[in-house]
Structure formats: C-alpha cells, structure tokens
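2 protein chains.
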Amino acid sequence: MADTDTLHAPADPAALSPEEARALFRAGLRVPTAGYAAGYAQANLIALPRDLAFDFLLFAQRNPKACPVLDVTEPGETSASIFAGDLRTDLPAYRVYRHGEPAGEFTDVRELWRPDLVAFLIGCSFTFETPMLQADIPVRHIEAGTNVAMFRTNRPCRPAGRLEGPMVVSMRPIPADQVADAVRITSRYPSVHGAPVHVGDPATLGIADLDRPDFGDPVEVLPGEVPVFWACGVTPQAAVMASKPEFAIGHAPGHMAITDARDSDYQVP
Amino acid sequence: MADTDTLHAPADPAALSPEEARALFRAGLRVPTAGYAAGYAQANLIALPRDLAFDFLLFAQRNPKACPVLDVTEPGETSASIFAGDLRTDLPAYRVYRHGEPAGEFTDVRELWRPDLVAFLIGCSFTFETPMLQADIPVRHIEAGTNVAMFRTNRPCRPAGRLEGPMVVSMRPIPADQVADAVRITSRYPSVHGAPVHVGDPATLGIADLDRPDFGDPVEVLPGEVPVFWACGVTPQAAVMASKPEFAIGHAPGHMAITDARDSDYQVP
Numbered sequence: 035m036a037d038t039d040t041l042h043a044p045a046d047p048a049a050l051s052p053e054e055a056r057a058l059f060r061a062g063l064r065v066p067t068a069g070y071a072a073g074y075a076q077a078n079l080i081a082l083p084r085d086l087a088f089d090f091l092l093f094a095q096r097n098p099k100a101c102p103v104l105d106v107t108e109p110g111e112t113s114a115s116i117f118a119g120d121l122r123t124d125l126p127a128y129r130v131y132r133h134g135e136p137a138g139e140f141t142d143v144r145e146l147w148r149p150d151l152v153a154f155l156i157g158c159s160f161t162f163e164t165p166m167l168q169a170d171i172p173v174r175h176i177e178a179g180t181n182v183a184m185f186r187t188n189r190p191c192r193p194a195g196r197l198e199g200p201m202v203v204s205m206r207p208i209p210a211d212q213v214a215d216a217v218r219i220t221s222r223y224p225s226v227h228g229a230p231v232h233v234g235d236p237a238t239l240g241i242a243d244l245d246r247p248d249f250g251d252p253v254e255v256l257p258g259e260v261p262v263f264w265a266c267g268v269t270p271q272a273a274v275m276a277s278k279p280e281f282a283i284g285h286a287p288g289h290m291a292i293t294d295a296r297d298s299d300y301q302v303p
Numbered sequence: 035m036a037d038t039d040t041l042h043a044p045a046d047p048a049a050l051s052p053e054e055a056r057a058l059f060r061a062g063l064r065v066p067t068a069g070y071a072a073g074y075a076q077a078n079l080i081a082l083p084r085d086l087a088f089d090f091l092l093f094a095q096r097n098p099k100a101c102p103v104l105d106v107t108e109p110g111e112t113s114a115s116i117f118a119g120d121l122r123t124d125l126p127a128y129r130v131y132r133h134g135e136p137a138g139e140f141t142d143v144r145e146l147w148r149p150d151l152v153a154f155l156i157g158c159s160f161t162f163e164t165p166m167l168q169a170d171i172p173v174r175h176i177e178a179g180t181n182v183a184m185f186r187t188n189r190p191c192r193p194a195g196r197l198e199g200p201m202v203v204s205m206r207p208i209p210a211d212q213v214a215d216a217v218r219i220t221s222r223y224p225s226v227h228g229a230p231v232h233v234g235d236p237a238t239l240g241i242a243d244l245d246r247p248d249f250g251d252p253v254e255v256l257p258g259e260v261p262v263f264w265a266c267g268v269t270p271q272a273a274v275m276a277s278k279p280e281f282a283i284g285h286a287p288g289h290m291a292i293t294d295a296r297d298s299d300y301q302v303p
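Heads up: the protein sequence lines correspond to chains P and L, in order.
Heads up, the first sequence is in my numbering, so the first residue is 35 and it goes up one at a time.
Heads up, the second sequence is in my numbering, so the first residue is 35 and it goes up one at a time.
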C-alpha cells in the first residue's frame, strides 16, 4: 500500500531523535518507521477498553514472543513512561477497529480516543535492526525504503479470556551464511521478539505466497537467501480481528511508536 | 520460625519428582522447599480476587525483577499449565490475608479458596540455586537446612492501580571471590529474579540487621563472604500488606509451589 506523504521524509531518518521523529509524524508525515531514530526502541500500539485490559495483559503474558509488553498506560492516559509524546497523534498512522472490523486508517485519533482506553506498547523487531545492520546483516525493507513484510500464520496463540487469534510474523530475507548471526544477535533482545520463530519453509507456517504479505510490503528473497520469520507485534491486531471486541485502536502495521527507550535497554548479556 | 512437621522430611529431597514432592506436602509435610526436586522451577503464589487481577498483572509488568510472572490461572481454577497439582493443597504452607492483615497460616486452603480467585505463579530464586551449587557456589540455607533469609527493603515498587509496596529481597552470603560467578550464573535466569539487585552494604537497602530477617530464617555471613541480595517473590505479599485488598492467599515464604517446568526452561543464552 502506498503511503500518502503530506510532508517529505527526512534525508537521514536514522539521525532523528525520538522527539524530532514524533514531531514530524504529528505534523502529518505518514511513513513506515523502520530505520528511524537509530538506537531507540520502537513499539507496537494496541489500545483497548479497560474492561478487556486484563484479558489482553494475560494474552501477552501467555504469548511473550509475539506480545512482549514494554509499557502500559493508566486508563485514558495518552503518554507512557517510555513514550513522552502523545499516543493519539505521534505515530505516523493508526488503524481503528469496531467489533473486529477495520474501521479506517487515521493519522490522528484524538477524536476517537476514549477515557476508558488502556494503551499497551509492545516490543517491535525494528528495534534489533540497528544491531543487525551494525553486524553487516542486510535489512532488505530498509534498503528498499518499503514497509516490512508481515504474515498471518497457522500458529494459534494461547487464548486468554475473550482474546484469541493467530501469531503474526515479520519476514526478513537473510543470506544463508548470516542466518546464524541473525539468530545470535536477535536472541539478545527477547523483549522485542528475540530469536526467530522459524527459519525457511514458509509453507509450514501456513504462508502460501511470500509475495503477498497480509500487512506491509513484499520484499524480494534473492538467490542464496533464506526467509527468516520473527514473531510480530501486529499479533494483538490479529487477535482483535479474530475476537471482535467492541473497540480498539492500533498502529498501522509498520508505522510504529518511536519510544524514548534505548535499544540497549532491552538487550540481555 | 520452627516448622511443625507432621511427616519426616525425605532423606534426599533433591531427588524427588515435582509430583512426589507435591504429594508429600499434600499429605502434611511442612518444610521450606529450597533444595527440593532439583532441576525443577519453584514458584511463589499469590491469589487475588478477579477484580484486582489486572492491577496485579500490571504491578508485575512494572516490577519484573521482583514479580516475574510464570503462569496465571483462569478465575477459580486450582491448577496451572506449569503446575499439574492442586494449588490449594500441594504447597507446604500458605498465608492468608484479610484487608492486608495476616489471618493465619494453613497447610490446606481448600475451604478458603473462592471461585473469583485468580492465582499467579511468580518466579523464585530457589530455581537458580541448583546451577549455583553445580558451580560450587555454596548456598548457606540449604547447607543449614533452614529457610532463606528475606528482608523488606526501602525500595518502593512502581505502583499499579490499587497496589503498591516495597521490594522484598532474599539474601545469600557468597564468598567474595565467587560473587562475580554468582552474578553471571543468576543473570541467565531473568524469569526467576535474575541477577542480584544489590551486592554488599545492607544499610543502603534499609536493612538494619541481617540477623533479623522479615521472613524466613537468619543465616550466618562468614568472614570473607559478602551478603548478596536478589529480588524476591514475596514482594506481592508485601504489596498485599501495604495495599490492603479485601482478601489474598499467598504461600508461606520459602514454602513454594514446585512446578513441572524445568529450571532450564527459564535460562537465557
């Protein structure tokens, strides 16, 4: 899906501070955030009515690879301890769901936000792309300037209360001789999805066609490369679509919350 | 506090399976569980009314060193995915709280359990004592056959909803030349409290006298040893005492749930 930019993307998005990036998004820039504000953790957003907050937090606890919780707001609050901006305006784009059905994409959800919403910030694999790049592991969607490719899988999450749904994964093509390095590096970031859940063979995940992602843009898998799959923080939105709660607001896949936390805050030895 | 045994402790508690250990406790054996069922993870218990479950899960998310959640039951359930036994009978001893006040210790809480209780199993540092022993790091309370020494600290947890309270720590005296090894080994088990929160100098944690623990038994710190402090899963009970919810059931400190999960399930690379 093409992004409609109302502002030009900055020449060097990696060099932006989280505050600068959020200001651009607040002003209307609508782009996927991979490669933005290098060194700062990015996060998935899912905001749900207070009544569902326990079910969701339990869903996250039971599915920690897909739903690592970085922060949770008090009901109605619009910033978080790791996100000093405004959660209603400072992401590049949002998706709203009513009874599980997509009800539009927005760049500002101030008029839709409700005082009973609890917002969850979920770790995002964009966070470990900086250390991958530093280790000379190519990240194709950053090279191509597109959104990461994401797929619904045939792997059900462990349900919790009223929430259930399939695991969603992101895919990066990795040169075969660098797959082990990619595993080693990403396993040091368990709070942002950690090690891959699957290496090669999309069919066993129920993915029929790598050229047709369920979210984001397709990327080419070159000869000598292996598709590597990481659990993805769009999983909560797949659960919303499957479980049909009355109302939810998520980020538009790939259009993340850029937090004030450092990548290194989520690194284990 | 002396434990009143109605059964003799087994000759080789480390060799018991989780099922065998739970059967002994169900039959009335009332002992601290350090050293039992080597290789299996132990867990702290806190059961709270459903109405408080979100606040507690958020408290745990905000205080992950002290409250690493291993498992959560559905309301009213009495077993868990990592605990095939009966949570009301298969721990050696329980503490019941009413409005934050201790309301007795029991070896069986079947008559007190309520259908609205949600039980949380929280990681326990007994889990990493096996790898410590395998690395020839002494564990004094196992050598002495006593309960581990636990202390309330002056460090407040991050509150969540109606829950607040101080961090509780367990203390082990470690020979000075093995402190680094103890840090290295325990840091590989983040789900069972991980690396120490404090090494040496109890006064800065607000601990006036190592000979007077708030929970468990005192242990001697020998010349050449340093007191090392790990976050402790009794922290939820300190939060219950500080926050005074209407009803709660915990384990008696040191008298843990022996789970079916392996220590190694919680080890990171």
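Keep in mind the hints are simulated off the structure, nothing from the lab.
Glycine is no exception: its CB is placed at the ideal position from the N, C-alpha and C atoms.
Warning: the hint list may mix true and false statements.
With beta-carbon atoms standing in for the labels, derived distance ranges [what the hints assert, rightly or not]: (1) L:S298 / P:Q301: 13 to 23 angstroms; (2) P:L167 / L:D248: 45 to 55 angstroms; (3) L:L256 / P:G73: 27 to 37 angstroms; (4) L:S298 / P:D299: 20 to 30 angstroms; (5) L:G73 / P:D170: 32 to 42 angstroms; (6) L:A210 / P:L167: 36 to 46 angstroms; (7) P:R84 / L:R148: 48 to 58 angstroms; (8) L:A178 / P:S113: 27 to 37 angstroms; (9) L:T238 / P:D245: 50 to 60 angstroms; (10) P:P190 / L:S298: 18 to 28 angstroms; (11) L:A137 / P:G234: 28 to 38 angstroms; (12) L:L256 / P:L167: 49 to 59 angstroms; (13) L:S298 / P:T238: 49 to 59 angstroms.
Beyond 10 angstroms from chain L on every Cβ pair, some chain P residues (computed) [said to hold, decoys possible]: (14) D46; (15) L91; (16) R96; (17) K99; (18) A214; (19) V233.
Comparing the hints with the structure gives:
no., hint, result
1, L:S298 / P:Q301: 13 to 23 angstroms, "holds, 22 angstroms"
2, P:L167 / L:D248: 45 to 55 angstroms, "holds, 49 angstroms"
3, L:L256 / P:G73: 27 to 37 angstroms, "violated, 45 angstroms"
4, L:S298 / P:D299: 20 to 30 angstroms, "holds, 26 angstroms"
5, L:G73 / P:D170: 32 to 42 angstroms, "holds, 40 angstroms"
6, L:A210 / P:L167: 36 to 46 angstroms, "holds, 42 angstroms"
7, P:R84 / L:R148: 48 to 58 angstroms, "violated, 23 angstroms"
8, L:A178 / P:S113: 27 to 37 angstroms, "violated, 50 angstroms"
9, L:T238 / P:D245: 50 to 60 angstroms, "holds, 59 angstroms"
10, P:P190 / L:S298: 18 to 28 angstroms, "holds, 25 angstroms"
11, L:A137 / P:G234: 28 to 38 angstroms, "violated, 57 angstroms"
12, L:L256 / P:L167: 49 to 59 angstroms, "holds, 50 angstroms"
13, L:S298 / P:T238: 49 to 59 angstroms, "violated, 26 angstroms"
14, D46, "holds, 34 angstroms"
15, L91, "violated, 5 angstroms"
16, R96, "violated, 8 angstroms"
17, K99, "holds, 13 angstroms"
18, A214, "holds, 13 angstroms"
19, V233, "holds, 17 angstroms"
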